[in-house]
Amino acid sequence: MNKKELLHFLISELKKKQLFLEQELKALSESLGNSAKSSAGDKHETDTAMNQLEQEQLTRQLLALQSQQQVVHQLNPEIKHARITTGSIVKTSKALFFISVGIGKIHFQELDVYCINLQSPAV
Numbered sequence: 335m336n337k338k339e340l341l342h343f344l345i346s347e348l349k350k351k352q353l354f355l356e357q358e359l360k361a362l363s364e365s366l367g368n369s370a371k372s373s374a375g376d377k378h379e380t381d382t383a384m385n386q387l388e389q390e391q392l393t394r395q396l397l398a399l400q401s402q403q404q405v406v407h408q409l410n411p412e413i414k415h416a417r418i419t420t421g422s423i424v425k426t427s428k429a430l431f432f433i434s435v436g437i438g439k440i441h442f443q444e445l446d447v448y449c450i451n452l453q454s455p456a457v
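Residues in the sequence shown are numbered from 335 upward in steps of one, following the numbering used here.
Incorrect hints may appear among the rest.
Mimicking DSSO-like on lysine-lysine, the simulated pairs with C-alpha atoms at most 27 Å apart in a straight line are [claimed, not checked]:
(1) LYS425 <-> LYS439
(2) LYS360 <-> LYS425
(3) LYS414 <-> LYS360
(4) LYS351 <-> LYS338
(5) LYS428 <-> LYS360
To be clear, the hints were calculated from the coordinates, so they are not data collected in a lab.
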């Protein structure tokens, strides 16, 4: 397995997630703006509060994703590790792990690769 290709694939997956979250935030902002123009009363206030909560949640997810992107961009695929650490690819009899960021399973070159961070619990 080519670590450099895997790293580029992971970066592209994170970018896709970022674009999705940004689109969701934009749609919520537009929805909030449109409902403010056309509604009044308790239902409007409830809808507005729900939209704001969802915006806050998406913003938190986007910030976490940006943090993950920073970690991934700092990885050097050329380094060979003597011990398991961030940036290592670990092959076991059960699975293939990329010690990087905790986003779970990705499908890369016909393989399932589990992207986990160093603090992930060992099972």
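Comparing the hints with the structure gives:
Restraint check: the Cα-Cα separation between LYS425 and LYS439 comes to about 14 Å, which is no more than 27 Å; the hinted pair holds. Between LYS360 and LYS425 the CA atoms are separated by roughly 40 Å; this puts the pair beyond 27 Å, and the hint is violated. Restraint check for LYS414 and LYS360: the C-alpha separation of about 41 Å exceeds 27 Å, so the hint is violated. Of the pairs offered as hints, the one joining LYS351 and LYS338 holds, with about 20 Å between alpha carbons and a cut-off of 27 Å not exceeded.
Using a Cα cut-off of 27 Å, the hinted pair LYS428 and LYS360 is violated, with the two alpha carbons roughly 41 Å apart.
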